[in-house]
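There are 2 protein chains.
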Amino acid sequence: MAQVITDKRDVEFVLHEQLEVEKLAKHERFAEFTKKTVDLILSEARNLAVKEMLPVFKIADEEGCKLENGTVKVPEPFHRIYDLFKEGEWIALCDDPKWGGQGMPAAVAQAVKNYFYGANFPFTLTILLSHGAGKLVERFGTEKQKNLFLKKMYNGEWSGTMLLTEPQAGSDVGALTTTAVKNDDGTYSLSGNKIFISSGEHDLVENIIHPVLARIEGAPAGTSGISLFLAPKIWVNDDGSLGEPNDVVCTGIEEKMGIHGSPTCSLTLGGKGQCRGTLLGEENKGMRAMFVMMNEARLDVGMQALGCASASLQNALNYARERVQGRHLLAGGKDAPPVPIIQHPDVRRMLLNMKAYTEGGRSIIYFIGFCEDMIHVSKDPAEITRYQGLIDLLIPIAKGYVSDRAFEVCSQGVQIFGGYGYTKEYPQEQLLRDCKITHIYEGTNGIQAMDLLGRKLGLNKGQPFRDLLTEIRKTVEAAKNLSGLEDLAEKTEAISVELEKTADFIGRMAASDYTLTAFSHAYTFMDVTGDTVTAWMLLWRAVVAAKKLQEGAKSKDTVFYEGQIATARFFINTVLPVTFGKINVILTLDSTATDLVEDAFGGK
Amino acid sequence: MAQVITDKRDVEFVLHEQLEVEKLAKHERFAEFTKKTVDLILSEARNLAVKEMLPVFKIADEEGCKLENGTVKVPEPFHRIYDLFKEGEWIALCDDPKWGGQGMPAAVAQAVKNYFYGANFPFTLTILLSHGAGKLVERFGTEKQKNLFLKKMYNGEWSGTMLLTEPQAGSDVGALTTTAVKNDDGTYSLSGNKIFISSGEHDLVENIIHPVLARIEGAPAGTSGISLFLAPKIWVNDDGSLGEPNDVVCTGIEEKMGIHGSPTCSLTLGGKGQCRGTLLGEENKGMRAMFVMMNEARLDVGMQALGCASASLQNALNYARERVQGRHLLAGGKDAPPVPIIQHPDVRRMLLNMKAYTEGGRSIIYFIGFCEDMIHVSKDPAEITRYQGLIDLLIPIAKGYVSDRAFEVCSQGVQIFGGYGYTKEYPQEQLLRDCKITHIYEGTNGIQAMDLLGRKLGLNKGQPFRDLLTEIRKTVEAAKNLSGLEDLAEKTEAISVELEKTADFIGRMAASDYTLTAFSHAYTFMDVTGDTVTAWMLLWRAVVAAKKLQEGAKSKDTVFYEGQIATARFFINTVLPVTFGKINVILTLDSTATDLVEDAFGGK
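Chains A and B supply the protein sequences, listed in that same order. Position 503 of the first sequence, counted from 1, bears residue number 526 in our numbering, the numbering being contiguous throughout. Position 376 of the second sequence, counted from 1, bears residue number 399 in our numbering, the numbering being contiguous throughout.
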């Protein structure tokens, strides 16, 4: 049967053959996650995705969310899926079983999310946000807070959100004005307006737990005066019973380009002076707490985008194999029969391009999950630091670069379907619309580029960046010794050398008098880094595949492995030359964008 | 006041300063189109666009079209605008006044369309299709057909369409199966199903004239057996009065990603055996006739995309100047005040990128209009051939390349607005959704790339391509002599030399045993050609601007001209290095996409 949502074989390849996650099971923490268990989990996730989530993907887009008397109704079929998620315990995949988590390796969890996001991103968004909010409670909550909230958040009885953005505080979170005033009982009275709150209000659960960023009276301006609070929709009494509604009112939901099944809410806190919250973590350290969760949130966004890309690619592949249109370019005469469009050169180019970015992105994101797992099982502090550095460095790539490329994949996915792709008869246009949000939230991709250049590149004196290059070169060395991969190894090595020079150059420029100009090239630098990391991942895949072929593989596997090597070859030969061009752009350091007077941008 | 829809100053710059359209008025055909008249036309078009069309852009998207009992209702406000279009005679802009046309230079008409498409592309689509259908009647109709239909199509009393696509005949028009059987009275009975028919049925007019591609009984297979017919929705008697409905039934309208105001219809012809049509042109020469109109149709699609890009850019500029968020990157301390986001380096990069592609695209499209005008006024056959060659060569660039870049511009236009850009509160997301169709219809952009490589490059033994290079080098020579443009001239010359080599190479490969592989790089070749043409256009603008600055300009003009030079510099320094990379991709001629066995694409 044709694959849907995402390529099962490729998911398994990354987990079992590229990352070899079953080795994690040697460690106590992951002892139960043998290959058999992992495959069972994947099979269950895939079943849920294919049989329950995918069939309501389009319906939920059409139905959307409705705000009635302060209550938000999500698409009707989401209720059924939500119950299945609760029953199947799919919310706290990697978390401590003590609080209801599944304790799964993060790499495996990414594969699970790949299916869920690919099948129904707008639904899954609610789930994953709940988890993120729960994680904040787990990390920063008091025992009391954990006992009151955590299990119910992780088991899905209640959901969670993230209240950061305000009308005048978007990319600049530090500008927020929501206030917190301490009460005699130790709680805080919260007051302010939040916007763009995903799942800020909905009817899937009886209570919603809102982590809220707010400023305590008298706190310093900017981000260093921001604290984090927990404000439930309905107050939770000390004995765990529900109290009064907590004056968190949904005043509107956004009409959006996509993710219609996910309610994006405007919330007013304390409009009647009755909103109470408890401090989560320490006073004025709210941003720091939030940043701890940022890696997870941003990685999730990358996975959302990749989910869209995965699904778009599978749909495009299935369509291209079935849709008969036009003659083969080399067919003699006009009486030649029409062929499936996968035989047309430009369609092949698009499919292979989609495959390269989807599979490259998959390896990047699962690898980051794998690094998290290694932190958990490693006993060597240096190794832990190394993995954390790789994660920190790669997060802006997973979020910014992967989502950019995923959108292009989805656009090509529409293209393969021709006119049909533009209609709602097929999922391609929805995947494109849904995917666009991933460029924006959890820090726009422009912010990701600044994060990479301004924070991550120089992190720990550049050690994570050097560690990345070391990882790349390990793969290059392995490839050099494999027949048929030598040229790919050389080209990947060449780009890694250029990347290193470029990073050194732009890093120095950013710290010099050319700061503004350097940052006007930050986006291109993110692109170049992303291209190089993608080449590395595809080469790594090719190395694994070439070894398997050397060892002798079954004929179906042989085709798959040859596809892996071909994808690496395609990417390295058709993308990396362009990457070199982008490097030249950075090295030229054109300052036009920085220097131009405002009026000269036009429209005056 | 801030500009909306498109930059008025830039529109005027291209017409009056880059192309110097007033020189056309020296010729009898365009004698009345003095600068004053042209400005009056632009002012009227802009008024109509700003005051009437733009305010209903969003409403029409929400309202969409409805099919009720075989009748399609377009968004209610379109009726009012349609009447204004009829009154203002905005439909047959460039056509023969004998038939109700305005006889306007095509370059000026493109500027008019820039406003119309930028303000309300879904509405304008209906108008422009009517014109295209009318043009077919004008070109291929008998006197009788012209008398019966033409004036009413050009004055908007009736509208027109284009019935090509069928469920199994999309990109491969030759596969169509609609049949035509000759009747005793010389008419033909038509029978078949057509899909994706823009404005195939609607309630703006009392009659719709359908040019229909169909196959006469016994005609050869493929495109050489296709004839063109005129089938009105309601039969038109010889005295011009309306007869019976003509058995053209709308059986459905598409739900689409965008252009919701434009009804995309499925039509059944002759379901009751009662659909009659008259032959338009000669038997079996329908495709040839249709191809004559293809240039206009494809150029229009480029203009549609550019309209979206123009509007997105203006909105983004206005927003970036007003939206205050975040501190200046060089501001000391966190107490520094927030600044308009146009001061942030990455926002500047995006705006300048949007500006370069929008203005470059504008020059490309207006220039093609100008070439059409030169054909009309020229008396030198060689010159006429030269201009026609340039048009033919540039059409796939105007359609394929410009629409690709316009979509990227619209995507960045969403990005500048952050979260707001994803909401329907602002027009940015609609512009992005609407723009996507321009990649698909009138020949997908993949088809454009094949057209460029397979037909246009070798046209007339490559003369048009050489003529293009000659034009580019004229501009380069002019730039070399202008202080401050020398380096830009050199870089543009360098890319034109590389383009020539690349064209020679890929042209030879396409004609060799490497046909398939060459065509798998056709898209990249279109990109490279488009980049080079854009660089040429921006350099040409810079030449004009530099001369004006040398001559001394008013301070407001000075800023505009400096903006022109800066835009050329930005593009040439930040895009052309990447273009060189793409050239290297072509020259490497990687054959992976061609060679890969189908199963290895994955999903099996």
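Incorrect hints may have been included.
Pairs count within a copy or across copies, as identical chains cannot be separated in the list.
[Stated by the list, open to error] Below, simulated PhoX-like cross-link-like pairs (lysine-lysine); rule was C-alpha separation at most 20 Å, straight line: (1) 524 x 484; (2) 579 x 627; (3) 577 x 627; (4) 447 x 627; (5) 31 x 579; (6) 74 x 627; (7) 308 x 579.
Rather than coming from a laboratory, the hints here were simulated on the basis of the structure.
Each hint tested on the structure:
1. Within a single copy, residue 524 and residue 484 get their C-alpha atoms as close as 16 Å, which meets the 20 Å cut-off; across copies the closest is 45 Å, which misses it.
2. In the homo-oligomer, the alpha carbons of residue 579 and residue 627 lie at most 20 Å apart only across protomers (9 Å), although the nearest pairing inside one protomer, at 62 Å, exceeds that limit.
3. Proximity of residue 577 to residue 627 under the C-alpha cut-off of 20 Å is restricted to the inter-copy arrangement: shortest distance 14 Å between copies versus 66 Å within a copy.
4. In this assembly of identical chains, the alpha carbons of residue 447 and residue 627 never lie at most 20 Å apart, being 39 Å within a copy and 26 Å across copies at closest.
5. For a Cα distance limit of 20 Å, the shortest separation of residue 31 from residue 579 inside one copy, 14 Å, qualifies, whereas the shortest one across copies, 60 Å, does not.
6. For the identical chains of this complex, residue 74 and residue 627 are inter-copy neighbours only, at 19 Å across copies versus 55 Å inside a copy, given an alpha-carbon limit of 20 Å.
7. For the identical chains of this complex, residue 308 and residue 579 are neighbours neither inside a copy (54 Å) nor across copies (49 Å), given an alpha-carbon limit of 20 Å.
Hints 4, 7 from the earlier list are contradicted by this structure; the remaining hints agree with it.
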